[in-house]
Structure formats: structure tokens, C-alpha cells
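Asks: Residues per chain are reported as follows:
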Amino acid sequence: MRFLDEFINYVSSVDAAKLFRMFWFFFIFEFFRFFLVEISTIIFWKFDSIFRKKGIADARLTLMKSQPLVSIIVPGRNEGKHIFKLVNSLKEQTYQNFELIVIDDGSDDDTPIICRNLEHLGMISAFYRNDVRGGKASAANLGLRYARGEFVIHFDADCSYDRDAIENILVPFYYNPKIGAVGGNVQVRNYKDSLCATLQALEYMDTISIGRITTSELGIYRVISGAFGAFRKEALDRLGGWDIGPGLDGDITVKIRKLGYIIHFEPTAVCQTSVPVTFKKLIRQRLRWDKSLIRFRLRKHRDVFYPNDSFKFSNFISFVENVTYNLILNVKWFFYLADMVFNFASQLIFIIPMNICLYTVNNFMKFLVFSPFRDRKNEGITYFLIYLPLMVFYFGYFLRIVRTTAYIQEIFFKASYKDNWNPAKSSRQAKIMKI
Amino acid sequence: MSLKVVPQAIEIRNNKIEFDNLLFFIVDSNSSVKIEPLIGYDAIIIDSKDAEFAKLILKKIRGHYNPEFYLKPVFLINYKESKDPILHSLNDGFIHSYDQLKEIADVAKQIFLKTTQLDYQLVATFEAQMMKKVLNFMFTRDLKTLKPIPDLNSVIGYTYPAISVNFDSSEETQVLEILEWGEREGLVWPDFHERIYLCNQCSGGFLSYREVCPHCNSSNSSAQDLVHHFPCAYIGPLSDFQNNVDNALTCPKCNKALRHIGVDYDKPSIIHHCNNCDKNFQDFFVKAKCISCTQDVEVQYLIPKAINVYKLTKRGRTAASNGFLSTGKEVEDIFGTLTMAVFKTMLHYEIERIKENPEQQKSSIVIVNIENIFELYKKVGKKAEKTILESIVNLIRENVRPTDFIAFENSSTMYLGLINSDALQSEATLENLKTLIEKLIKNNFNDFSANINFKVKLLQPFNKSEFQLQELTKDLFD
Chain A
1 MRFLDEFINY VSSVDAAKLF RMFWFFFIFE FFRFFLVEIS TIIFWKFDSI
51 FRKKGIADAR LTLMKSQPLV SIIVPGRNEG KHIFKLVNSL KEQTYQNFEL
101 IVIDDGSDDD TPIICRNLEH LGMISAFYRN DVRGGKASAA NLGLRYARGE
151 FVIHFDADCS YDRDAIENIL VPFYYNPKIG AVGGNVQVRN YKDSLCATLQ
201 ALEYMDTISI GRITTSELGI YRVISGAFGA FRKEALDRLG GWDIGPGLDG
251 DITVKIRKLG YIIHFEPTAV CQTSVPVTFK KLIRQRLRWD KSLIRFRLRK
301 HRDVFYPNDS FKFSNFISFV ENVTYNLILN VKWFFYLADM VFNFASQLIF
351 IIPMNICLYT VNNFMKFLVF SPFRDRKNEG ITYFLIYLPL MVFYFGYFLR
401 IVRTTAYIQE IFFKASYKDN WNPAKSSRQA KIMKI
Chain B
436 MSLKVVPQAI EIRNNKIEFD NLLFFIVDSN SSVKIEPLIG YDAIIIDSKD
486 AEFAKLILKK IRGHYNPEFY LKPVFLINYK ESKDPILHSL NDGFIHSYDQ
536 LKEIADVAKQ IFLKTTQLDY QLVATFEAQM MKKVLNFMFT RDLKTLKPIP
586 DLNSVIGYTY PAISVNFDSS EETQVLEILE WGEREGLVWP DFHERIYLCN
636 QCSGGFLSYR EVCPHCNSSN SSAQDLVHHF PCAYIGPLSD FQNNVDNALT
686 CPKCNKALRH IGVDYDKPSI IHHCNNCDKN FQDFFVKAKC ISCTQDVEVQ
736 YLIPKAINVY KLTKRGRTAA SNGFLSTGKE VEDIFGTLTM AVFKTMLHYE
786 IERIKENPEQ QKSSIVIVNI ENIFELYKKV GKKAEKTILE SIVNLIRENV
836 RPTDFIAFEN SSTMYLGLIN SDALQSEATL ENLKTLIEKL IKNNFNDFSA
886 NINFKVKLLQ PFNKSEFQLQ ELTKDLFD
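Residue numbers (our numbering), protein chains in the order written: chain A, 1 to 435; chain B, 436 to 913.
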């Protein structure tokens with residue numbers, strides 16, 4: 001109680017100048033970028049959507065009239081157990097002119113038996129198998145090689161899709177012919193499985209649902225999720241498909257941007273996925289994802305920063321924003337921590353709880369303000385409220401530490417080339433070729 | 436005319452030889468292929484130098500339903516060089532010249548001796564009848580096994596000559612059914628020889644196995660290796676990497692030359708391209724095209740059959756001489772008929788009834804035998820046998836009184852109990868029935884004329900039913 005009294009006294013003694021001095025990092029970078037920019041963009045997007053309504057309706061009509069063949073490719077390894085469910089859920093889709101191509105990347109379970117059977121029953125258009133594992137990119141490329149559709153949609157076998165998801169992800173191609181790829185809205189299906197999954201669900205709501213609407217509107221949308229992404233086949237053919245991962249989803253998005261296409265995020269094209277339910281698995285996944293920032297943004301596609309013939313301002317901004325908010329500010333946060341420790345050492349006992357309170361208030365505010373803009377906003381809102389206070393630890397500390405670890409591993413040790421997510425034979429060649 | 440080497444003491448007159456109290460008939464290339472005139476001869480010698488002609492005559496003799504034909508000793512002269520296993524299986528001996536008549540006369544006598552030990556009781560079903568015929572043949576020839584012989588003329592690719600002669604080559608599957616029946620009855624014991632797969636439409640055994648496109652069933656496809664280029668993750672058929680100039684392989688995505696398999700590229704699988712429907716696939720269907728009926732059958736739907744060497748069991752060995760009981764269930768469950776046991780009971784009651792007023796009450800019993808019905812069963816198959824019998828029963832039921840009763844002794848012989856019908860009335864009824872049955876068979880099986888025999892006997896009030904039935908049967912077959 002005594003501490004609480006002291007804390008309240010301390011907070012009431014802090015004026016605006018001191019508050020800004022103590023939490024400059026939050027006000028300058030995070031509040032600005034992740035609240036002010038996002039809310040103003042979202043409001044503009046919502047307002048603009050009134051004018052886009054007719055164009056989208058016309059695009060939908062054109063799509064449904066022209067009925068282009070769509071190739072759904074589902075690359076994966078040991079995913080046989082999910083395929084039957086996926087095939088059945090696809091029967092419910094409002095758009096049905098698709099071919100379903102499943103590619104097995106050297107599974108060592110019953111996947112080939114299950115998929116061959118489904119192929120014989122006509123439930124899968126084609127099933128291709130690499131007896132020797134080649135990595136997810138090669139599996140996706142095998143599907144692409146034999147895809148006949150005008151558009152290619154990349155699915156993950158363990159995801160499920162809203163019944164209008166395929167239709168909705170295709171509409172933008174008819175709304176704007178410059179759109180080369182469309183990302184779907186990936187939501188967390190298993191958010192009740194564990195605390196870890198619940199926190200990820202909150203993160204996805206923020207960074208994917210809202211964050212990607214913002215980046216898409218600003219023209220800096222940079223990662224089309226592998227779980228649900230649609231592409232013009234012509235664009236993929238020009239690129240020769242996917243390159244070696246990890247991080248191949250972000251890589252293909254950058255490459256399509258470089259071709260001059262617009263990348264669009266479609267919040268109404270909803271896909272549900274299962275996220276890791278333990279922190280150990282989550283760390284492994286995020287280390288892999290975060291390493292790709294260094295490998296692909298700073299190494300493979302560093303030319304985006306150069307003012308050469310292929311320079312594009314939107315690509316430049318996309319990369320700068322990505323690198324600034326993920327890499328630079330991540331490092332800067334540690335400077336901020338040092339600043340606090342050295343300059344406010346005696347007050348740290350009050351500053352840390354203040355910091356936590358500030359972020360928590362911000363999280364609640366964001367959650368409530370953005371909720372009306374989320375697709376299917378009624379789902380799970382009350383369930384998530386009690387977990388919001390934990391987001392400051394999850395997002396502000398846990399993920400920041402994981403991210404920093406990944407950057408150090410990649411910058412100094414090129415650890416992504418050792419990741420067994422990719423077969424060693426491919427990683428070895430990628431390392432030699434510095435890609 | 437062929438020159439026959441005949442010892443002076445032996446005289447051939449009109450193709451006949453009398454030797455050692457046996458009358459031989461020589462079938463030569465000028466002889467008719469009709470075998471019915473041969474019934475009066477003790478043994479046959481085929482002397483034509485034409486193996487196919489000899490085989491034709493042998494098949495006709497061994498395929499006849501009458502034991503006087505199919506058990507007749509048949510010898511071949513000048514055929515030893517023939518390697519046709521069917522020819523070897525169906526004759527009783529080879530000779531080089533008529534000097535060796537003594538040898539074949541001894542063989543013929545041995546066969547006659549065995550023939551006298553045979554049991555000629557009629558058996559209940561077609562399978563039993565066929566099996567009995569084979570057992571009789573084997574018994575008289577001291578044969579212990581029935582061996583399958585590969586035969587291009589048989590629809591299943593194998594033949595069992597001693598039994599197959601009863602069928603056309605297209606009906607060979609019936610031979611397998613009869614042998615399986617014999618196995619179930621404990622008459623023969625199977626020793627696995629080979630497994631064959633038959634068309635599920637026509638039971639043909641000549642199948643062409645092909646890898647076909649799962650989409651259009653065409654066998655017009657080509658296969659290529661899939662090539663995976665590690666550095667850029669491109670994967671495609673080998674042709675994507677080839678050029679028209681040299682043998683170099685170049686990645687179509689990154690334009691790099693492929694150098695070393697396992698280092699910068701590998702071949703993770705194979706892909707097939709259908710030249711008919713233009714689709715690609717990895718898992719082809721294996722289908723079997725039947726050469727006989729051209730049906731394309733998925734291999735899992737082919738009918739597997741074991742081709743066995745059949746050995747006679749102890750029961751089989753004694754069955755020929757002692758006869759054997761067959762369940763005959765097939766003829767017992769025909770609607771509108773009684774089992775023989777019930778028929779005899781009913782007959783007993785009828786005898787008791789007429790005893791009360793033998794002068795006024797007259798009833799008859801009748802035996803009807805369709806002599807050559809097994810020939811028809813052979814043609815139409817086992818499944819049709821029951822349909823034929825049901826049709827005959829329906830026809831009889833329509834032309835007798837509801838109180839009259841019918842029972843099958845076997846699938847060629849039946850008994851009728853005609854109540855309140857004297858011998859004359861019964862004769863008239865039976866004459867009418869005979870015409871109707873003949874017409875029924877003729878109308879349904881164009882080329883088949885049924886030989887129907889019947890006997891009518893007035894039911895005697897003071898004789899046992901069993902005795903009266905035996906008398907009736909004896910009258911018909913004697």
C-alpha cells in the first residue's frame with residue numbers, strides 16, 4: 001500500500017515535459033506509427049471504401065461472369081492428415097472454378113497414400129510428389145509449373161477458409177489491373193488452446209488485420225502470407241516462382257513489387273490458421289521469420305535502397321519502414337533502456353510500472369478503437385480483454401528479445417542458412433550464391 | 436489314300452479290324468467326323484497324320500455325354516512325334532504300326548475290365564455329373580492327377596483336357612467351377628500350380644496390362660524426370676532444362692548451368708504427360724485390357740483364380756466305382772417342388788388313401804428324364820441351370836392339378852405324383868407336358884432339342900412307395 005501511495009504521488013508529480021522525456025521512445029515512435037498513423041489511415045480507408053463500393057461490386061460481377069480458372073497450390077510436408085478436411089471445406093466455396101494441386105515435399109508419413117486416393121476419387125485435381133525433400137519453395141514451384149489457372153492461390157494445408165474467401169481474394173484483381181498479388185486476412189483459429197496462442201491471436205488482430213490494412217493503403221505492404229495469398233500467374237511465371245526460404249513469402253512479395261505490380265491486402269478474404277501453442281515453438285518460428293529481415297531486406301534485396309534504374313519510391317519506403325521499426329528501433333529500445341538506467345536510476349522503480357501502465361492503456365485504447373474496423377469484430381472481443389494487460393510483456397519484452405536474438409544470429413552467423421526448415425543441400429547452394 | 440502298313444495276318448475291311456476278339460475301327464482322314472456310328476466298335480484307332488483332325492475326333496469322343504463314347508479306348512498311330520499335350524492326355528496309347536495291335540488290345544481290355552466296375556447311377560447336379568464323368572475316365576485309365584496345360588485356345592489360358600473336352604474353349608471357367616465343386620465335395624485335392632487373373636466381364640485370361648492416364652485411360656503417355664535446381668528452387672521436367680543445341684542442362688529460371696547431380700540439382704521424381712488429354716500425372720493407373728472382349732478393367736477388379744494340379748482323394752478314387760452322394764441342394768429349393776424325402780412321405784399317404792377304395796380311387800406316379808439336358812447346362816452355364824428347372828416346374832404346375840406334387844431326383848430327372856388320375860389320363864397329361872417342355876427348350880435355346888423320356892405307373896395300394904419308385908425308375912432306364 002505504501003508503494004502504491006508513493007507511485008501515485010510520483011505519477012501526479014510528473015508533468016508533460018517530464019513524461020515525454022521519460023517515454024520519448026513510446027511517443028515519438030510507437031504511438032505515432034502504431035496508433036496515429038494507423039487510425040488516420042484506417043479512417044481514410046473506411047471513408048474511401050464508400051467510394052470504392054461500386055467499383056468493387058463491378059469487379060465482383062466481372063469476376064463471376066468471366067470465371068477464370070484459378071490454381072490453388074498446397075505445398076507441404078507430412079500434411080496428409082489435413083488435406084481431406086481442406087478438400088471438403090473447399091466444396092463450400094462460393095467460387096468453384098479452381099483446380100486444386102497438392103504438392104508433397106518428400107513426406108515420410110501417410111500423405112502420399114491419402115492424397116493419391118483423393119486424386120483417384122477426383123477430389124484433388126492433381127497430386128505431385130517429390131520423393132526427395134526439396135524445401136517448400138521447390139514444392140510450390142512444382143505446383144506452379146503445372147498450374148493452368150490465370151491466378152494462383154497459395155494455401156497452407158492446415159488452414160481453413162471462409163466460404164467466400166477465394167471470391168474475395170480474387171475481386172481486387174478485377175478492381176485494379178495493376179494489382180499483382182493479394183494477401184488474405186490470416187486469423188488465429190486455436191486462440192483458446194493456450195495463453196501463447198491467445199497472445200498471438202491478439203498480435204495477429206493488430207499486426208495483420210489492422211497493420212496490413214494500413215500498409216496496403218500506404219502502398220508499403222510487404223509480406224503476403226503463405227497461408228493465403230493470391231497471385232497473377234503471369235507475374236509468378238516471370239519470376240520463376242518462389243526462391244529458397246525461410247522468408248519466401250516476404251521475398252516473393254518484394255519481387256512482385258519490383259516488377260511494378262501493386263500488392264494489396266484484402267481483409268474480407270479470411271483464413272484461419274493454427275499458431276504454435278507453446279512459447280518454445282513460437283520462439284523457433286519467430287527466430288526463423290525475423291532472420292529473414294536481415295537476409296532478404298538487407299542482403300538479397302538491398303538494391304531497393306539504391307537510386308538505380310529500377311528504383312521505386314514505394315518499395316524504398318516499404319523497406320525503410322520495415323527496417324526502421326523492426327531493426328533500428330529494436331536496437332534503439334536498448335539505448336532507451338540504457339538511458340533510463342543511467343539517467344533515472346533512482347526512479348526506475350516507478351518508471352517501469354508507469355511504462356507498463358502506459359502501454360497497457362495504449363493497448364486497450366487501440367483494441368477498442370480498432371475493433372469496429374476489424375472483420376468479424378464481434379468474435380472473441382470480450383474473451384481477449386482480460387489478456388490485454390499481458391500484451392505489454394509479450395510484445396514489448398518477449399518478442400523484442402526474440403527479434404534481437406534473431407538479428408544477432410543472422411547478422412553475425414548467417415544462421416538462416418543452417419535452419420533445417422530448408423534442406424541442407426539447398427541452403428548450402430543459397431549461401432554460396434549469397435541469396 | 437494313305438498307305439497303311441498292315442501285317443499279313445491282320446485284315447482291314449472297310450476300316451475295321453477284328454483282333455483278339457475286339458473290333459477296332461480306323462478313323463482316317465477320309466472318315467466322317469461324326470462319331471455316333473462308332474458306338475458299335477470296341478476301340479478306335481486314329482490314323483490320319485493330321486494332329487488337328489485327331490484332336491477333333493478325340494475331343495468329340497471324350498466330350499460325349501454317353502459313357503459308351505467317352506470311355507471308349509482310342510489309340511493313335513503314327514503320332515508319337517506330336518508334342519501336343521492335349522492329344523497326349525486324351526488318347527489311350529500310341530502305336531507305330533498295326534504290328535502293335537496286341538499291345539493296344541491289352542490296354543483296351545484293361546479299360547473294359549475297369550469299365551465294368553463303374554457305377555452309372557445318375558447324380559443330382561450338373562457339376563456332379565461332370566465330375567462323375569471325369570472320375571470314370573480317370574478310374575478306367577488309372578489316372579491319379581488332373582494337370583493343367585497351358586493352352587492358347589482356352590479362354591483362360593489353361594486347360595484340363597479330361598474335363599475341358601466337355602466345354603467350348605470359351606467356357607473354360609466352368610471347368611474351374613466344377614473342379615472347385617469337386618474340391619468342396621472332397622473328391623479332389625488341390626495342389627497350387629499358378630494364379631491367373633480373369634476379366635470380370637467375360638472371364639477371359641488373355642489380358643494386356645498397361646499403364647494408363649488416370650484422367651482419360653489412354654496409354655499414350657511419356658515419362659520424364661523432374662529436375663530440382665537447388666540454388667533457385669526451380670523444379671520442372673527435364674525438357675525445361677534442355678536445349679536444341681547441345682546436351683547442356685540450363686536452369687530456365689536463373690540461367691545457370693546444371694553441374695553435378697546431388698550438389699546443385701537432383702531428380703526427386705518422375706512425371707508422366709498424357710499425349711491424349713494433355714494432362715500430367717505421377718500415379719498412373721494399371722489397367723488390364725481383355726483381348727477377348729476388349730473391356731478395360733482396373734486390376735483390382737480382375738477375378739483371381741488358382742490353377743491347381745488336382746489329385747484324386749481316397750473318396751474320389753472310390754467314387755467312380757461306388758458312386759457318391761451329392762447334396763443336390765440346388766434342385767431341392769426350386770419353388771413348387773418337394774424334396775425327395777417329402778415326396779416319398781406324400782406318396783405313402785396317397786397309398787394309404789387309395790387303399791380305402793382301390794377300385795374308385797386311382798392315382799399315378801410318373802418319372803420324367805431329360806436325357807441330354809446336361810448338354811444344355813454345359814452351354815448355358817451353372818447359373819442358368821436353376822432358371823431352366825424353375826421354368827420347367829412352372830410349366831408343369833400350370834398343366835397339372837394343384838394337389839399333384841413334384842420332386843427332383845437330380846437336375847435331369849423328376850418324379851410327379853398325379854392324384855386322382857389313372858394311367859391313361861396320366862399318359863395323356865405327360866404327352867402334353869413332353870411337347871410343352873420340348874417347345875419351351877426349343878424356343879429358348881434355338882439349336883437344342885431335348886430328348887424327353889417318361890414312364891407312368893398306376894399307384895398300387897398294397898406296395899410300398901419306395902418299391903414302386905424303384906420299379907418306375909428301372910422301367911425307364913432299362
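Among the clues, some could well be false.
Below are the DSS-like pairs computed for lysine-lysine, each with C-alpha atoms no more than 27 Å apart in a straight line [what the hints assert, rightly or not]:
#, chain 1, residue 1, chain 2, residue 2
1, A, K425, B, K702
2, A, K178, B, K688
3, B, K899, A, K46
4, B, K702, A, K258
5, B, K688, A, K414
6, A, K91, A, K258
7, B, K714, A, K431
8, A, K85, B, K518
9, A, K258, B, K714
10, A, K91, B, K714
11, A, K418, B, K714
12, A, K65, B, K518
13, A, K46, B, K740
14, B, K702, A, K233
15, B, K746, A, K258
16, B, K714, A, K300
17, B, K909, A, K233
18, A, K233, B, K899
19, A, K312, B, K688
20, A, K414, B, K714
21, B, K714, A, K425
22, A, K434, B, K714
23, B, K691, A, K178
24, B, K714, A, K46
Everything labelled a hint here was simulated from the structure, so no lab data went into it.
Computed from a predicted model, the values in this text were never measured in an experiment.
Asks: Taking the hints in turn, state whether each one holds.
Replies: These are the hints, each one checked on the structure:
Between K425 (chain A) and K702 (chain B) the alpha-carbon distance is near 13 Å, which keeps this suggested pair within the 27 Å criterion. Restraint check for K178 (chain A) and K688 (chain B): the C-alpha separation of about 24 Å stays at or below 27 Å, so the hint holds. Between K899 (chain B) and K46 (chain A), the direct Cα distance comes to roughly 108 Å. Violation of the 27 Å bound is thereby established for this hinted pair. Between K702 (chain B) and K258 (chain A), the direct Cα distance comes to roughly 31 Å. Violation of the 27 Å bound is thereby established for this hinted pair.
Annotation: proposed proximity of K688 (chain B) to K414 (chain A) holds, straight-line Cα distance about 25 Å (limit 27 Å). Pair hint K91 (chain A) plus K258 (chain A) does not hold up; C-alpha atoms about 35 Å apart against a cutoff of 27 Å. Pair hint K714 (chain B) plus K431 (chain A) does not hold up; C-alpha atoms about 37 Å apart against a cutoff of 27 Å. Between the alpha carbons of K85 (chain A) and K518 (chain B) the distance comes to roughly 64 Å, so the proposed pair goes past 27 Å and is violated.
Distance hint between K258 (chain A) and K714 (chain B) is unfulfilled; the C-alpha atoms sit about 33 Å from each other, more than 27 Å. Taking the CA atoms of K91 (chain A) and K714 (chain B), the gap is about 23 Å. The hint holds against a cut of 27 Å. Restraint check for K418 (chain A) and K714 (chain B): the C-alpha separation of about 38 Å exceeds 27 Å, so the hint is violated. For the hint pairing K65 (chain A) with K518 (chain B), the CA-to-CA distance comes to about 74 Å; that exceeds 27 Å, so the pair is violated.
For the hint linking K46 (chain A) to K740 (chain B), the alpha-carbon distance of about 73 Å lies beyond 27 Å, and the restraint is violated. For the suggested pair K702 (chain B) and K233 (chain A), the alpha carbons sit about 25 Å apart, so the restraint of at most 27 Å is met. Using a Cα cut-off of 27 Å, the hinted pair K746 (chain B) and K258 (chain A) is violated, with the two alpha carbons roughly 82 Å apart. Restraint check for K714 (chain B) and K300 (chain A): the C-alpha separation of about 37 Å exceeds 27 Å, so the hint is violated.
A distance of roughly 90 Å separates the Cα atoms of K909 (chain B) and K233 (chain A); the hinted pair therefore is violated under the 27 Å criterion. The hinted pair formed by K233 (chain A) and K899 (chain B) fails the criterion: a straight-line CA distance of about 95 Å is larger than 27 Å. Note on K312 (chain A) and K688 (chain B): the hinted pairing holds, with a Cα-Cα distance of about 24 Å set against a maximum of 27 Å. A C-alpha spacing of about 42 Å is found between K414 (chain A) and K714 (chain B), which places the hinted pair above 27 Å, so the restraint is violated.
As the CA atoms of K714 (chain B) and K425 (chain A) are separated by approximately 31 Å, the hinted pair breaks the 27 Å bound. As the CA atoms of K434 (chain A) and K714 (chain B) are separated by approximately 37 Å, the hinted pair breaks the 27 Å bound. Restraint check for K691 (chain B) and K178 (chain A): the C-alpha separation of about 31 Å exceeds 27 Å, so the hint is violated. For the suggested pair K714 (chain B) and K46 (chain A), the alpha carbons sit about 45 Å apart, so the restraint of at most 27 Å is broken.
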